[in-house]
Amino acid sequence: MEALYLLIPLSLILVAFAIWIFFGAAESGQFDDLDGPALRVLQDDDR
Amino acid sequence: MRDIARDARETCWHCGQPAPPDTPWHAAIGDARRPMCCPGCAAAAQAIADAGLDDYYGSRTAFAACPDQEDAPALALYDEGMLDGDGVFSVEGIRCAACVWLIERRIAALPGVIAVRLNVATERLHLRWAPEACRPSAILRALRAIGYNAYPYDPSRHGARLERERKRLFLRLFVAGLAMMQVMMYAVPVYLAGDAHDPDVMDGDMRALMGWAALLLTLPAVTYSAWPFFRGAWLDLRRGLPGMDVPVALGIGAAFGGSVASLLRGQGAVYFDSITMFIFLLLGSRYLELNARRKAAGALERLRHAAPASARRLRSWPASGEADTVAASALAPGDHVLVAPGQAVPADGVIVEGDTEVDLALLTGESRTRRMGPGDAVPGGAVNVAQAAVLRVTSSARDSTLALLVRLVERAGQDKPRIALWADRAATWFVAALLVLTLAVFGAWQWIAPARAWPAAIAVLIVSCPCALSLATPTALAAAADRLLRHGVLAVKPHVLETLERATHVVFDKTGTLTHGRLVLRATLTLGALDRPACQRVAAALEAGSAHPLARALREAAHAPAPQASDARYLVGQGVEGVVEGRRYRLGGAAFVAGLAGGAPPAPPPEGLTAVWLGSAAGWLARFDLADALRPDALAVVRAFQRSGKTVMLLSGDAEASVRAVAERLGIVDARGGQLPADKLDAVRALQRQGAVVAMVGDGINDAAVLSGADVSFAPGQGAQLAQLHADCVLLGSGDGKEGDEGLWPLAETARVAAATGRVIRQNLAWAMVYNLSAIPLAACGLLNPWLAGLGMAGSSALVVLNALRLRRG
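Chains as they are written, first to last, in this note's numbering: chain A, 5 to 51; chain B, 2 to 811.
Bound-form chain A, shown alone (with noise of 0.2 Å):
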């Protein structure tokens, strides 16, 4: 059980990182288009 006093905090500042990299990424223009790359899919541009 004493892990615990480890693991939580650890878990916390996963979070925190996690919530950086969210925001990296929603600047630069991620989130933006959310229909475009399912379309893209089914492109065919092999040739």
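Possibly wrong hints are sitting among the right ones.
[Unchecked claim] Computed spacing ranges between beta-carbons, pair by pair:
(1) B/Trp423 to A/Tyr9: 37 to 43 Å
(2) A/Leu18 to B/Gln268: 27 to 33 Å
(3) A/Leu18 to B/Thr224: 18 to 24 Å
(4) B/Val189 to A/Gly33: 32 to 38 Å
(5) A/Phe26 to B/Leu803: 23 to 29 Å
[Unchecked claim] Rough simulated footprint, nothing fancy, chain B against chain A, three-plus residues with beta-carbon under 8 Å:
(6) 13-26
(7) 29-39
[As the list claims (entries may be wrong)] If the Cβ cut is set under 8 Å, some of the chain A residues that face chain B in the computed set are:
(8) Leu8
(9) Leu10
(10) Arg44
(11) Leu46
(12) Gln47
Bear in mind the hints are in silico, worked out from the structure with no lab data behind them.
Glycine included, every Cβ here is placed at the ideal spot set by N, Cα and C.
With chain A's structure known, arrange chain B on it following the hints.
Positioned in the frame of chain A, the structure of chain B alone reads:
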């Protein structure tokens, strides 16, 4: 490859609309020659095939848009504004996934283009190019060649603000969601351990650890995600009006403060999980609402592009008649511009050459055109009806009256409809009563059992849901607007839906509304010395400059090139008079032509046809019989209105006989012909004085004043520019008279949506009443703990918002 084959009737391979049986237009796509409906589609399809992109037809899931057949707007003028090789364009006509591939592939293949990316959600094309190798006009032209309209995107417009709001809200929503899920992980063990405080199950230190971890995770949610609620509550309080944000902010603040106090004291319940869940669900509802509003705003932007963007500036006038195409915003006082008939004047100016009729209806409400000549001042935005004229600009385009009108329309789009204002006011009263109740509950519990006072008060604050009023009503209206937009209906004024639902009478115009507006010359009866082809050529010459459907029919009928008519004067509702090859003629209504030819018209027209007479000083010369086909959906639309209990009327400027014929076919009892614009307006006013609510569906240059006078007005598609600006609601994608265009059906759809919207809003209000009346007493009695209250409130608000969003699909 999906086969979009049809039956034996020919359909255009490109846009899917019916093609004429022996269509002369084809395009070679792959190995086959495919039929096309018009030269525009044929050109676009050929361009696609020539660029080696005919895979588009194999992978598309929807037909393309039929390309604009009008002359390409002056694309070269865009080159001046975009010199640095970086730009964003709005693109029209994207229909399915294959369009994305087609556009990106085609543009990438152009020389000098560095990067191209199409954002499907916002329909914007992001481009980077090398300025020395490529110009934006070439890119726009290439896009037009394959059938897509594009123009530069102006970020200062209203739509951009909604976009930024949406992005910020999305970030807040994500943080709230993350916080909610993580806090729940630490709250569940505490719940499972129960209240026993048994050290073998979970000791005090562990509880404290869980509590502190939950606190740290809740901090970003309360400070960042819930910030809009606190700010909204602060603004509401400053104004003195309690709004929906006040109980929310109070609830969150009280719950958070109470939980921190419990944590520090080491005893008492903590509510971090309720708080985060509450914030997340409430933000979720707001996000859905904002999305619905953003979609509705997008199409309104495209309407605003109707203001003239370009002008033909005369380089050195009067020395030469050569004109450059420049941006309207680049005009400076002192420039000379040439305004063609049917075009809007790009900026305020004074006429220096040309006798013409100018329509000021959109600025002054006059229904008759005003005759203007050299020396008269013309405001920007007025439409030049009769003849080309040269103007000297007196003020820049930005200050022109049309620009002012566009700004007004923008502001109207931000105004809330009456029902939304009512909902806001009702919500205010609700919240005020709620705050009083909360204080009472707190006081009562303090007296009865102080330990339960705090949770009970918080529960009351949180569980109450004025969401049906403040949240669901705007969502319902935005969802309805979005659905209407997908059917091609654009509500310019906010009151359209509610007034249409209340309307008792629906008044239709005939030409162009119930009929295609595309008159065809059926027969020519010669009455005098001139033979048939000569009469037709004279008529075509006189009607050369007019945009009226009668004129178009006469011009199309004349096969030989028409001579020039000089001194042509066009009188609204009567006809045109001019001099052709030395002789003076009059073309128009019988009374008008009789003024020159003398005497009564020789032979009346047959039943159901519209007659246009030609006469000269020597006597009557010809009668042209024109017929106009009814729209295929006109009968269904009239029936739909009559079934819903509205009275349908027909008021038209055409002859009584043809009006009666149409009325009989459609089952309209009250139909009057021969109505001048003033007569129509009088009829509408008479109805209104009796207490009726009048909806008007009209088109054409004559209807502008009546459209303003009715309680709610509709104008189909690309009718005269004027009628569009006067109508409260525009039926896009119709009205060019092509076979198979969807003309009036969107109108019946609008009526259905109006009824559905009213129903949904009433449903939401009923639910809100039931929910609040049962949940608030429960919370006041202390039977609900905060997490249940949060769940209830968020669930209720999600329910009303989802119910409102149902309107999007119908």
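Checked hints:
1. For B/Trp423 and A/Tyr9, the Cβ-Cβ distance of about 56 Å falls outside the hinted range of 37 to 43 Å, so the restraint is violated.
2. Distance hint check: the CB atoms of A/Leu18 and B/Gln268 are about 30 Å apart, consistent with the given range 27 to 33 Å.
3. At about 20 Å, the beta-carbon gap between A/Leu18 and B/Thr224 stays in the expected band of 18 to 24 Å.
4. At about 36 Å, the beta-carbon gap between B/Val189 and A/Gly33 stays in the expected band of 32 to 38 Å.
5. At about 26 Å, the beta-carbon gap between A/Phe26 and B/Leu803 stays in the expected band of 23 to 29 Å.
6. Note: the region 13-26 of chain A has 7 residues with beta-carbon separation from chain B under 8 Å; the three-residue rule is met and the coverage holds.
7. With 6 residues having a Cβ less than 8 Å from any Cβ of chain B, the region 29-39 of chain A passes the three-residue criterion, so the hint holds.
8. Among the interface hints, the one on A/Leu8 holds; its C-beta lies about 7 Å from the nearest C-beta in chain B, closer than the 8 Å criterion.
9. With a cut of 8 Å, the hint placing A/Leu10 at the interface with chain B is violated, because the nearest CB-to-CB distance is about 11 Å.
10. Residue-level restraint check for A/Arg44 holds (minimum Cβ-Cβ distance to chain B is 7 Å; threshold 8 Å).
11. Below 8 Å, beta-carbon pairs count as interface contacts, and A/Leu46 has one with chain B at about 5 Å; its hint therefore holds.
12. Of the supplied interface hints, the one on A/Gln47 holds, with its beta-carbon coming within about 5 Å of a beta-carbon of chain B, less than 8 Å.
Comparing the model with each earlier hint shows violations of hints 1, 9; every other hint is respected.
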